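Just so you know, the protein sequences line up as chains A and B, in that order.
The numbers in this note's numbering rise by one with no breaks, and the one at position 29 of the first sequence is 29.
The numbers in this note's numbering rise by one with no breaks, and the one at position 269 of the second sequence is 269.
The hints are simulated quantities; they were obtained by calculation from the structure and are not laboratory data.
Remember, predicted model here, so these are calculated numbers, not experimental data.
Where is the CB? At the ideal position from N, CA and C, for every residue including glycine.
Warning: the hint list may mix true and false statements.
[Stated by the list, open to error] A few chain A residues that face chain B, going by a derived Cβ cut-off under 10 Å, partial list only:
#1 D107
#2 E111
#3 V128
#4 G131
#5 D132
#6 L141
#7 N145
#8 V152
#9 D157
#10 G317
#11 A318
[Stated by the list, open to error] Stretches of chain A that chain B covers, calculated by requiring three or more beta carbons in the stretch to come under 8 Å of a beta carbon on chain B:
#12 38-47
#13 238-246
Here's the letter readout for the chains.
Protein chains: 2
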Amino acid sequence: MTVTTTVRTAAALSRPPAAAPQFLDCIAGDLARVEERLAETTRSDIGAVRDISGHTLLAGGKRLRPALALLAARLVGRHWDEPRAVSAGAAAEMIHLATLMHDDVVDESRERRGKPTANAVFGNGITVLTGDFLLARAISLLAHNDENLHVVRVFSDVTVAMAEGEVLQAHVAHDLEITEATYEEIIGRKTAQFLAGCCETGAMLGSATDEERADLRAYGCDLGIAFQITDDLLDLTGDPRKTGKPLGTDLRDGRVTLPLIHTLKTADAEDRTLLRDLLSDSEISDEHIAAITAIIARHGGFEAARRAAEARAQCAGAHLHRFSAGVYRDALERLARYVVARDR
Amino acid sequence: MTVTTTVRTAAALSRPPAAAPQFLDCIAGDLARVEERLAETTRSDIGAVRDISGHTLLAGGKRLRPALALLAARLVGRHWDEPRAVSAGAAAEMIHLATLMHDDVVDESRERRGKPTANAVFGNGITVLTGDFLLARAISLLAHNDENLHVVRVFSDVTVAMAEGEVLQAHVAHDLEITEATYEEIIGRKTAQFLAGCCETGAMLGSATDEERADLRAYGCDLGIAFQITDDLLDLTGDPRKTGKPLGTDLRDGRVTLPLIHTLKTADAEDRTLLRDLLSDSEISDEHIAAITAIIARHGGFEAARRAAEARAQCAGAHLHRFSAGVYRDALERLARYVVARDR
Numbered sequence: 001m002t003v004t005t006t007v008r009t010a011a012a013l014s015r016p017p018a019a020a021p022q023f024l025d026c027i028a029g030d031l032a033r034v035e036e037r038l039a040e041t042t043r044s045d046i047g048a049v050r051d052i053s054g055h056t057l058l059a060g061g062k063r064l065r066p067a068l069a070l071l072a073a074r075l076v077g078r079h080w081d082e083p084r085a086v087s088a089g090a091a092a093e094m095i096h097l098a099t100l101m102h103d104d105v106v107d108e109s110r111e112r113r114g115k116p117t118a119n120a121v122f123g124n125g126i127t128v129l130t131g132d133f134l135l136a137r138a139i140s141l142l143a144h145n146d147e148n149l150h151v152v153r154v155f156s157d158v159t160v161a162m163a164e165g166e167v168l169q170a171h172v173a174h175d176l177e178i179t180e181a182t183y184e185e186i187i188g189r190k191t192a193q194f195l196a197g198c199c200e201t202g203a204m205l206g207s208a209t210d211e212e213r214a215d216l217r218a219y220g221c222d223l224g225i226a227f228q229i230t231d232d233l234l235d236l237t238g239d240p241r242k243t244g245k246p247l248g249t250d251l252r253d254g255r256v257t258l259p260l261i262h263t264l265k266t267a268d269a270e271d272r273t274l275l276r277d278l279l280s281d282s283e284i285s286d287e288h289i290a291a292i293t294a295i296i297a298r299h300g301g302f303e304a305a306r307r308a309a310e311a312r313a314q315c316a317g318a319h320l321h322r323f324s325a326g327v328y329r330d331a332l333e334r335l336a337r338y339v340v341a342r343d344r
Numbered sequence: 001m002t003v004t005t006t007v008r009t010a011a012a013l014s015r016p017p018a019a020a021p022q023f024l025d026c027i028a029g030d031l032a033r034v035e036e037r038l039a040e041t042t043r044s045d046i047g048a049v050r051d052i053s054g055h056t057l058l059a060g061g062k063r064l065r066p067a068l069a070l071l072a073a074r075l076v077g078r079h080w081d082e083p084r085a086v087s088a089g090a091a092a093e094m095i096h097l098a099t100l101m102h103d104d105v106v107d108e109s110r111e112r113r114g115k116p117t118a119n120a121v122f123g124n125g126i127t128v129l130t131g132d133f134l135l136a137r138a139i140s141l142l143a144h145n146d147e148n149l150h151v152v153r154v155f156s157d158v159t160v161a162m163a164e165g166e167v168l169q170a171h172v173a174h175d176l177e178i179t180e181a182t183y184e185e186i187i188g189r190k191t192a193q194f195l196a197g198c199c200e201t202g203a204m205l206g207s208a209t210d211e212e213r214a215d216l217r218a219y220g221c222d223l224g225i226a227f228q229i230t231d232d233l234l235d236l237t238g239d240p241r242k243t244g245k246p247l248g249t250d251l252r253d254g255r256v257t258l259p260l261i262h263t264l265k266t267a268d269a270e271d272r273t274l275l276r277d278l279l280s281d282s283e284i285s286d287e288h289i290a291a292i293t294a295i296i297a298r299h300g301g302f303e304a305a306r307r308a309a310e311a312r313a314q315c316a317g318a319h320l321h322r323f324s325a326g327v328y329r330d331a332l333e334r335l336a337r338y339v340v341a342r343d344r
């Protein structure tokens, strides 16, 4: 069983993940090398660690974080150190996967992208520990290159921010009074800072000037906000066959996101009371979700969130004006449009 | 409530933890500064993160890992950079606390050192996330000093090993066929490599030669094996009022440790069958524990484990012969005797 898994992992990892959008073709070779590095780096001599890492690696992620680091490095392009860029991309993905594994334990999620989560297959305990393994392995991979201290700094700081963001999110769960500012603080910490860190890392690896580095960070930050608002929208308006998770998971877990925040602010007293009643039930059924989304739709909550995401994606693109046009800038611009237009 | 916690934390942290043994007086000032650094570094602006970190910091740890790093640095003594030494000690303790928090979630432990665990008070989810916060914050603290890449390397590698050791331990839980070699591999990864890493870090901070560094690593490794064998002994023979946890916790969690491994190898067929029957029951009661410890005692399992721990502690001391005599070498020698003689 262990041998089979390993063979399957090696074969599957020799090609880039199926979900990578076409405009990333300009870094397809780099992404393939990231997959190889991921396979090597997660190859523990402890069978269970290898199996769970393999399960998570093969779950069909978008590899957005490695792509950002690679595109930023290529865009700046003053310097190209392939082993370092590939390692930085792999480390970013490992940190991301580790936090997903821990989040799934925290949220007791059974499915992600239409596949069973690691905790559903292997149990909470070993999943928490394998998350720790991936997190530490990512830092170790970076720390074994003598020039990488600043990369370690960026990635450890974003990991601190992600943990804080997730705790803050858990802390305000079910709180219908949260403001847009609190919502943005949560998604800033749990998503946007990491994407900003990936762009910053790529910029540093490409020997960016201070201004270029700041621009790419700002791009990643706005991209991250746009990405997360869209994620939260898809939770309520997406097609479960495409998103791979049931509608309204956020609502069931008590996560109050932008469409709802907007609606709670703008709806009339009657609809506000109705929303509060629906959300205060101990069990949120599919009928509850349908009723809640109808109220949100009536008050333009989805439209407001979509506009907010699009505005941020546009801001992200605008931060790239300093860079000369070409495939890499084009890919980053298209990526910003993609994160808000995607349906999965 | 948050304010109260913070005030209490600050006051309690201004003195070294009560549990520090007297022979650490030679580094009492250093340990006090580690406490200050711990308090500063875990001061998140997210209230819940601060509360849970504070709860764990105040739970009365021995601060063994900072002590090892500080003693090793002082012993080598060719160089003394207080801020770096204090940060390394604080980072080691934060990594240790993070792994304890995760282990308590994995094992569903409700008490540690006679106090409720973080997961018992705050729940599993926020405890997993605050563990991640502490882990990442430790790396971040180290990575913000330009000379620390090798320290980051050591600490991330030991964290990888700890996660692997814990997974291996979970994987072989309830397996009565495990050998002494597998047991030593588990405790090597989950405990000894970390203590070795603390000593190695201290050695590097003190500008050790390669030989001194190897000696101090070897000291830490043997110390760690002795420490963990003793911990496992105390689980079966300690006084719960002193250890702060119920007798036989390891047995109930399916952890097969040295006294039992020894007994399963040396007992007659009748006692072996009796042991297997007792251990295969779905619920291990206090009566089960008493019957099991009686069989182990009859076959000298505790004595064998105690001798193994003492032999390792002696090996640890022997690795220090190259260093000149003085308070720091004396403290490390006494520490090796202490870890096997302690009753808590």
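Comparing the hints with the structure gives:
1. D107: holds (8 Å)
2. E111: violated (18 Å)
3. V128: holds (5 Å)
4. G131: Interface hint status for G131/A: holds (8 Å vs cutoff 10 Å).
5. D132: holds (4 Å)
6. L141: holds (8 Å)
7. N145: holds (9 Å)
8. V152: holds (4 Å)
9. D157: D157/A check passes; min Cβ-Cβ to chain B is 5 Å, inside 10 Å.
10. G317: violated (30 Å)
11. A318: Not OK, violated: A318/A not within 10 Å of chain B, min 30 Å.
12. 38-47: Three-residue rule met by the segment 38-47 of chain A, so holds; n is 4.
13. 238-246: Violated, because only 0 residues of the segment 238-246 of chain A bring their Cβ atoms closer than 8 Å to Cβ atoms of chain B.
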